[in-house]
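Each chain, written out:
2 protein chains.
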Amino acid sequence: MSNRSQHNGHTDVTGPAKPVQVTIGLVAKTAGVSRATVSRVMNGNPKVAPDLAERVRTAARELGYEPSPVARSLALGRTGIVAMLVPDLGNPMFQGVLHGLTAAAGEQNYRLLVADSNENVNEEPVLAIEARRRCDGLVLCAPRMPDEQLHALAPRLSPFVLINRELPGIETPMLMIDFAIGIRDLVAHLLGLGHRKLAFLAGPDTSASNRIRLETLRAGAGENYELVELPCGVTFADGHAVADQLLDLDVTALIAYNDLVAFGALSRLHELGIKVPAQMSIVGFDDIPFARYTTPPLTTASVPHDQLGPEAWRRLWGLMNNEEPEQNVRFRPRLQVRGSTGPAPD
Amino acid sequence: MSNRSQHNGHTDVTGPAKPVQVTIGLVAKTAGVSRATVSRVMNGNPKVAPDLAERVRTAARELGYEPSPVARSLALGRTGIVAMLVPDLGNPMFQGVLHGLTAAAGEQNYRLLVADSNENVNEEPVLAIEARRRCDGLVLCAPRMPDEQLHALAPRLSPFVLINRELPGIETPMLMIDFAIGIRDLVAHLLGLGHRKLAFLAGPDTSASNRIRLETLRAGAGENYELVELPCGVTFADGHAVADQLLDLDVTALIAYNDLVAFGALSRLHELGIKVPAQMSIVGFDDIPFARYTTPPLTTASVPHDQLGPEAWRRLWGLMNNEEPEQNVRFRPRLQVRGSTGPAPD
DNA sequence: TTGTACGCGTTATCAC
DNA sequence: GTGATAACGCGTACAA
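One line per chain: the protein sequences are A and B, in this order.
If you count the first sequence from 1, position 129 lands on 129 in full-length UniProt numbering, and the numbers rise without skipping.
If you count the second sequence from 1, position 32 lands on 32 in full-length UniProt numbering, and the numbers rise without skipping.
Partial list, computed: chain A residues near chain B (C-beta under 10 Å): (1) P67; (2) S68; (3) S73; (4) G80; (5) G106; (6) L112; (7) V114; (8) D116; (9) P155; (10) T235; (11) H270; (12) T295; (13) P297.
Some chain B residues flagged as far from chain A (calculated, every beta-carbon gap over 12 Å): (14) H189; (15) G192; (16) T206; (17) S209; (18) G222; (19) Q327; (20) G342.
Not the full set, but computed from the structure, chain A residues with beta-carbon under 7 Å of chain B: (21) G90; (22) Q95; (23) L113; (24) R133; (25) R134; (26) F236.
Since the hints were made in silico from the structure, they are not lab data.
Beta carbons: idealized from backbone N, C-alpha and C, even for Gly.
Working from the sequences, and respecting the hints, build out all of it.
Below is the structure:
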């Protein structure tokens with residue numbers, strides 16, 4: 001692409017060889033066959049005479065010919081690409097999924113188109129549609145997109161699989177995380193350590209997964225523990241910034257929206273001279289790779305990111321081939337106890 | 001795409017509306033105009049009668065028509081996509097670049113295709129070519145690809161810009177980091193603190209950037225300090241694993257190949273009960289976002305990742321428009337002193 | 001201003 | 001087995 005409009009300006013004969021597109025037609029002419037034959041050879045069609053095939057191959061090699069993916073896509077009606085839309089490439093949470101998806105799709109010679117909405121929720125619909133239209137399928141991760149909007153969008157995204165979120169009423173595979181169970185396990189762990197007043201560093205109001213976390217926490221509060229809710233965010237910086245508010249709240253344990261927030265808070269508490277977990281326990285959510293390496297290592301609800309990518313690919317593959325849809329899966333996080341939690345101080 | 005081969009099986013009239021592609025032809029027929037006119041309207045061509053334009057727009061809206069990006073790409077000779085190949089999406093080092101590139105390209109309505117070689121160096125040439133052919137330009141980050149291979153590859157990737165590495169003899173923009181200066185600044189900082197025996201946790205032998213770091217360190221060694229080289233790697237886990245070897249080496253400071261390795265080492269040293277920086281100083285390279293949040297925060301050579309993305313886009317844009325190439329840039333890392341370095345123990 | 005006709009590069013369907 | 005030829009969906013000279 002992109003060299004069609006090159007014109008040589010002046011027409012000196014000694015100028016640089018003009019880099020014209022090597023098309024299937026040129027190869028055909030060079031090899032003295034028809035374009036159809038070239039196409040057959042390039043696609044490994046067996047029923048072509050060996051000598052012809054060889055002529056085509058040498059011609060193609062010498063000319064440096066390679067079929068245009070764009071033209072192929074148009075003719076074939078498929079691109080060999082699937083897209084994934086993520087809200088933030090910087091969140092390690094998604095990288096595991098991306099890796100798994102890349103690998104799984106790659107085994108069947110599909111490539112991955114990654115679109116990053118950069119947490120810009122307004123752009124997501126158009127990004128999703130655009131990405132989807134350039135390829136054969138989509139993996140959508142848009143935790144903050146309103147339900148109605150997603151509903152309206154769904155028909156235009158098919159085939160696609162929804163990740164990390166649930167939306168009743170639409171007929172597409174959904175891979176979900178059981179945030180409620182994850183939260184309950186974390187709370188049980190903290191209660192077992194004697195904590196009775198917990199702070200929740202909340203994610204975005206608009207986030208479906210934040211809503212579930214919050215509802216679960218509220219449902220369990222009262223008898224067993226007291227809950228303090230602090231608006232926070234999803235990033236390292238958010239956690240870092242909110243930690244100061246914790247000082248005079250009298251809470252002994254912290255439930256962060258995700259691991260990143262937990263790290264931020266952990267870091268700030270350390271700066272403030274507050275010992276973790278002696279004076280304050282902290283738990284995260286996700287179990288991103290860093291979690292086991294912080295000081296102290298982070299207790300968190302471990303989400304099986306490795307499984308998400310391949311599973312998403314399988315669903316998408318099934319959809320693209322009109323196979324019977326498999327049952328939706330709700331992945332259960334596993335409580336991963338590390339050093340950031342300990343007995344509540346007296 | 002991908003719904004052309006759908007056939008309804010049986011032909012019951014009450015079946016679900018068959019999702020046929022809405023093409024420009026259908027819109028034209030519906031609006032009672034020619035396809036050319038539809039095309040003009042869709043592309044905002046001003047010289048079309050208002051009433052016709054309106055008819056086209058309503059028809060397009062009601063039919064849910066959107067031009068096929070693939071067909072457009074073929075007809076226009078450009079895709080509106082640029083690709084970037086990275087060795088590892090999981091490395092925060094690249095995420096800054098990706099963000100910047102996404103944003104810069106997005107402003108001119110270009111989308112980004114991210115290809116991840118997953119540190120699989122052998123796959124990189126194929127991935128690069130494939131990615132490149134599906135779009136209009138490429139940003140290549142392949143620090144471990146052998147020089148000759150990259151040389152041979154270059155003509156097939158044009159237009160492209162090379163990032164994070166230098167390769168004399170090819171005519172394409174290169175955005176480089178001055179690793180040598182970064183290393184020298186770090187060493188000077190450590191020497192100033194009294195350190196005289198330094199360990200280098202080396203990256204891959206094949207990595208160009210590792211070679212420069214190593215050469216710089218060796219060139220400075222002798223008079224001023226003693227250098228111990230430890231093969232390590234590029235990841236968190238690599239740094240974590242190598243730290244044990246440090247115990248009986250008698251070094252007082254650690255120069256990690258990058259921040260990730262530094263974190264790993266930092267974490268392991270903490271587990272081993274070695275105080276940083278009291279007993280051991282550690283420096284990294286890159287200044288990824290996490291660096292300022294570890295305990296202690298990491299002293300490192302700060303690479304201006306934010307500038308790389310936009311600059312890469314500018315170069316690529318220039319290339320794609322046959323503009324005069326700008327001068328190559330070599331970004332100078334800035335010494336960022338934080339808590340992980342301190343005076344050498346006696 | 002609008003429509004006709006052709007080209008983009010490839011694959012697929014036919015005849016031969 | 002092989003070669004014309006019509007798709008694929010769209011943009012755009014060119015003519016009207």
